[in-house]
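Top line first, the protein sequences correspond to chains A and B. Numbering of the first sequence is given in our numbering, commencing with residue 58 and proceeding in unit increments. Numbering of the second sequence is given in our numbering, commencing with residue 525 and proceeding in unit increments.
Quick caveat, the hints were computed from the structure, so don't treat them as lab data. Even glycine gets a Cβ: it sits at the ideal position worked out from N, Cα and C. A few of these clues could be false.
Computed Cβ-Cβ distance ranges for the label pairs, DEER-style [to be verified]:
1. B:His686 to A:Arg442: 41 to 47 angstroms
2. B:Tyr958 to A:Lys391: 40 to 46 angstroms
3. A:Glu462 to B:Lys581: 39 to 45 angstroms
Simulated crosslink set (DSSO-like; lysine-lysine; CA at most 30 angstroms straight-line) [stated by the list, open to error]:
4. A:Lys391 to A:Lys212
5. B:Lys871 to B:Lys979
6. A:Lys104 to B:Lys723
7. A:Lys423 to B:Lys979
8. B:Lys668 to B:Lys785
9. B:Lys979 to A:Lys391
10. A:Lys391 to A:Lys423
11. B:Lys871 to A:Lys423
12. B:Lys668 to B:Lys723
13. A:Lys382 to B:Lys979
14. B:Lys785 to B:Lys871
15. B:Lys723 to B:Lys568
16. B:Lys568 to B:Lys581
17. B:Lys871 to A:Lys382
18. B:Lys723 to B:Lys785
19. A:Lys382 to A:Lys423
20. B:Lys871 to B:Lys581
21. A:Lys382 to A:Lys104
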Amino acid sequence: MNAMLESLREHWRDQAAALPGDTARRERALEAFLAEGLPTTAEEDWKYTSLAHLEQARLTLPGPVTLARAMAAVERHGVPDLEGPRLVFVNGQLIPPACRLEGRVPGLTIESLAQVLGEHDADEALDRVVDLDRYRLARLNTALFQDGARVRATKGVITDAPIYLLFLTLGDAEAMQLVQPRVLIETAEGASVTVIEHHCGEGEAAVINAVTEIVAQPGSRVTHYRIQEHADTHAQVASLNARLDRDAALVCHNIDLGGAVVRNDVHVRLIAPGADVELNGLYFTRGTSHVDNHTRVDHLAPHTSSREDYRGVLAGRSRAVFNGKVLVAEDAQKIEAHQSNNNLLLSHECEIDTKPELEIYADDVKCSHGATVGQLDATALFYLRSRGLDEDTARGLLTFAFAEEVIARLGIAPLAERLSSTVIGHLPDSDRLRAFT
Amino acid sequence: MATNEHELEHLVSRKYKHGFYTEIDSDTVPPGLNEDVIRFISAKKEEPEWLTEWRLKAYRHWLTMPVPQWAHVHYPPIDFQAISYYSAPKRPEDAPQSLDEVDPKLLETYDKLGIPLHERARLAGVAVDAVFDSVSVTTTFKEKLAEAGVIFGSFSEAVREHPELVRRYLGSVVPARDNFYAALNSAVFTDGSFVYIPKGVRCPMELSTYFRINAANTGQFERTLIVADEGSHVSYLEGCTAPMRDENQLHAAVVELVALKDAEIKYSTVQNWYPGDEEGRGGIYNFVTKRGDCRGANSKISWTQVETGSAITWKYPSCILRGENSVGEFYSVAVANNLQQADTGTKMIHIGRNTRSTIISKGISAGRAQNAYRGLVRVLPTAEGARNFTQCDSLLIGDRCGAHTFPYIEARNPSAQIEHEATTSKIGEDQLFYCLQRGLSEEDAVNMIVNGFCKEVFRELPMEFAVEAQALLNVSLEGAVG
């Protein structure tokens, strides 16, 4: 057993009693995870992403952070102008003074998981959607997560204001922390919610292992944002698992602007006719960062549809991986599934590995995918140059425009503005670019 | 649509027309594989010491390799000790020099196939090196080719007559340790074709080989090596049919192409081996390694394949684009019906500057078949200005078949331009309706649509081959849509 697994076992021994919820479930998950260990590049799903550097890392479960430190960090990283309820977690633990839950809509419940676990139905709600055999690191989350959020909307409840969940990781020089956010979203018939998961951090190396589960009952709608702005020392693994019933709709926005090694899995199951999912993604990798996005949409029922558009901008010596799989099960007829992945390479040292996959076992389907790797359009570049812009500014503007197409779909102004600004900040000559936007 | 489906069923369930079995005495070794068998094959072929050693090295490495499992195909494990690794027609020493000397039974076989050797040779000006089981029986038009300096013959002959060429290029594109089946082939290959086109020569005719598998329990392990020297050009055709049989037969061929500076190789395949019956019994396992190396600047390798046969096809004709401005092309139609499984595609490895590749893949699945496209486009940092365009379309016929796409794209150069697009759908009812209301019969309409679907690939085939390809497509699928 390697150092990481050993350290996890020790933590289990010391802290199991203090973790909320069903201990037996946690123990089962931990044993299964320890038996399997970390995924390796020998596995097809992890072909391009190595977690080998974590094998010798001794991980610790984070302790409490002082309120002053937490509040200062929230000040630095949070999106300030968002209206609506918010829960703030620093190093996996709830910071009540930073939360805002007043003026809630009847029928909409937003809770800390640690507080509600132990209640019968809260424990039942865990691991309902996530495929633990496929996403093994989710087992580790189940075993050792400390807190998280649960969002529930009862029948017909429609909320306009987004629910903002901020997960901050403050890395510590003394020990590498394992921060494991957990989010459950459940919408009853006809309900509609918008949830923003904002993952960001600073400081020394840390490991973030997040799991989100979404259960959408018939006719309900979930709009989900996962904004990742970790420090370039942080490793993050996240899985988003959703199950959509009849006529349910899910829109996911996945934005990755930080992190050292990042792996995101999105797994959406469309289990009844009329279910529809839209996946939007943007990854901007710089330095030596490595961002891997795996998405999987299972069309398990007829008359389901999916659309997916992921875009990537790669700079420095970074590497990005995209793997988008669409599965159409037998007898799932009348399917429409479209997918595209476009990548812009800005340097000679970066690398993109993309694989859009189709696996289709029904015949009455319209499925397509496209993937491109390329550079900026020469004619567009020429046009801007002919208008008197210098080469760098012209390139910067076009790169920004490429990324902006995904950001423009976000629909929440303060969030979009914040991300636009971050993207521009990542580009060379950002001051000049700001003058144009 | 009821009549249509009925008709469709009728067409889909048509028996394999080319199923017959010619009895010719074979000089066969008992099933099993060990170093002695390899030495026996090598001795039988009167091979030089270095080649025997090369085979043995490949065999020893093969023993250490696990059977690959990654392809999207399912089949019972193969017992490699149950296969006989050598089978040759009886009288190899007095191989016929002209068609008159050819065993009449063999000619009869070709007649049944509807591709009479002499006619094809005369009408199409094609030199045919017919591989019947493992030993070349006849080679025509040799004189004419010799005039141009082209070497075209069986592999064993080339080993005897041009050992220096064989030694220089054998295994230089597909090393003996490349993969499980390539290693097996390197150890036990029995024959195949060898082509050398000298500098600046444009091969005066299309070169063609008909492979056939015969004699029960005999795996066929061909080895083909084509070398196009600087500034030369060659078009090579390969076509196959196989007799009907109940046991699965393993076919693990290796094809190596080398294109030097300014050279061009066009390699076309029509593959129509026995696909097994409606229940999936029998049929050929076709696990082939095909790779071309664009070694010199401005060279070009083009693969065109029409895959309609075999129970399992597992084949990825690839191009290594090493030379500057070199071009790789892959055009493929893969048809899978009944319980056939196909996992096919290509690899384009861009190494040189301004290298270009095009991939057009058309997959058709019917019955309960599974058809997968698996491709890799890799652009290395040195491949400044590399360009790739990939299109893979799948057509589904019937609600129990599957069509899958697994394209890998790995880009490490910012000036690379890579486009990949794929679609999967069934024949549009609107398209069908349009044709019907123009007075076409259902069958003709479907034929037309399927042919249109494959047009981009068929037009890459040499004329005389395109005809056969369409006939094969009709046998496998004709009108199979409802």
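Hint-by-hint comparison with the structure:
1. Checking the proposed 41 to 47 angstroms range against histidine 686 (chain B) and arginine 442 (chain A) shows it is violated: the Cβ atoms sit about 58 angstroms from each other.
2. One distance hint, 40 to 46 angstroms for the beta-carbon pair tyrosine 958 (chain B) and lysine 391 (chain A), is violated here, with the actual separation near 21 angstroms.
3. Range check, glutamate 462 (chain A) to lysine 581 (chain B): Cβ separation about 55 angstroms, and the 39 to 45 angstroms hint is violated.
4. Between lysine 391 (chain A) and lysine 212 (chain A) the alpha-carbon distance is near 29 angstroms, which keeps this suggested pair within the 30 angstroms criterion.
5. With a C-alpha separation of about 22 angstroms, the suggested pairing of lysine 871 (chain B) with lysine 979 (chain B) holds against the 30 angstroms cut-off.
6. For the suggested pair lysine 104 (chain A) and lysine 723 (chain B), the alpha carbons sit about 43 angstroms apart, so the restraint of at most 30 angstroms is broken.
7. At most 30 angstroms may separate the alpha-carbon atoms for a hinted pair to count; lysine 423 (chain A) and lysine 979 (chain B) meet this at roughly 21 angstroms.
8. About 25 angstroms separates the Cα atoms of lysine 668 (chain B) and lysine 785 (chain B), which keeps this hinted pair within 30 angstroms; it holds.
9. Distance restraint check for lysine 979 (chain B) and lysine 391 (chain A): the Cα-Cα separation of roughly 27 angstroms lies within the 30 angstroms cut-off, and the hinted pair is therefore satisfied.
10. For the suggested pair lysine 391 (chain A) and lysine 423 (chain A), the alpha carbons sit about 8 angstroms apart, so the restraint of at most 30 angstroms is met.
11. Note on lysine 871 (chain B) and lysine 423 (chain A): the hinted pairing holds, with a Cα-Cα distance of about 26 angstroms set against a maximum of 30 angstroms.
12. Restraint check: the Cα-Cα separation between lysine 668 (chain B) and lysine 723 (chain B) comes to about 17 angstroms, which is no more than 30 angstroms; the hinted pair holds.
13. Only pairs whose Cα atoms come within 30 angstroms are accepted, and lysine 382 (chain A) paired with lysine 979 (chain B) is accepted, the gap being roughly 28 angstroms.
14. Taking the CA atoms of lysine 785 (chain B) and lysine 871 (chain B), the gap is about 21 angstroms. The hint holds against a cut of 30 angstroms.
15. For the suggested pair lysine 723 (chain B) and lysine 568 (chain B), the alpha carbons sit about 33 angstroms apart, so the restraint of at most 30 angstroms is broken.
16. For the given pair, lysine 568 (chain B) sits about 19 angstroms from lysine 581 (chain B) by alpha-carbon distance, which is consistent with the 30 angstroms threshold.
17. For the given pair, lysine 871 (chain B) sits about 20 angstroms from lysine 382 (chain A) by alpha-carbon distance, which is consistent with the 30 angstroms threshold.
18. A distance of roughly 10 angstroms separates the Cα atoms of lysine 723 (chain B) and lysine 785 (chain B); the hinted pair therefore holds under the 30 angstroms criterion.
19. Distance hint between lysine 382 (chain A) and lysine 423 (chain A) is fulfilled; the C-alpha atoms sit about 15 angstroms from each other, no more than 30 angstroms.
20. Between the alpha carbons of lysine 871 (chain B) and lysine 581 (chain B) the distance comes to roughly 27 angstroms, so the proposed pair stays at or under 30 angstroms and holds.
21. Proximity of lysine 382 (chain A) to lysine 104 (chain A) is assessed by CA-CA distance (about 15 angstroms); at most 30 angstroms being required, the pair is judged to hold.
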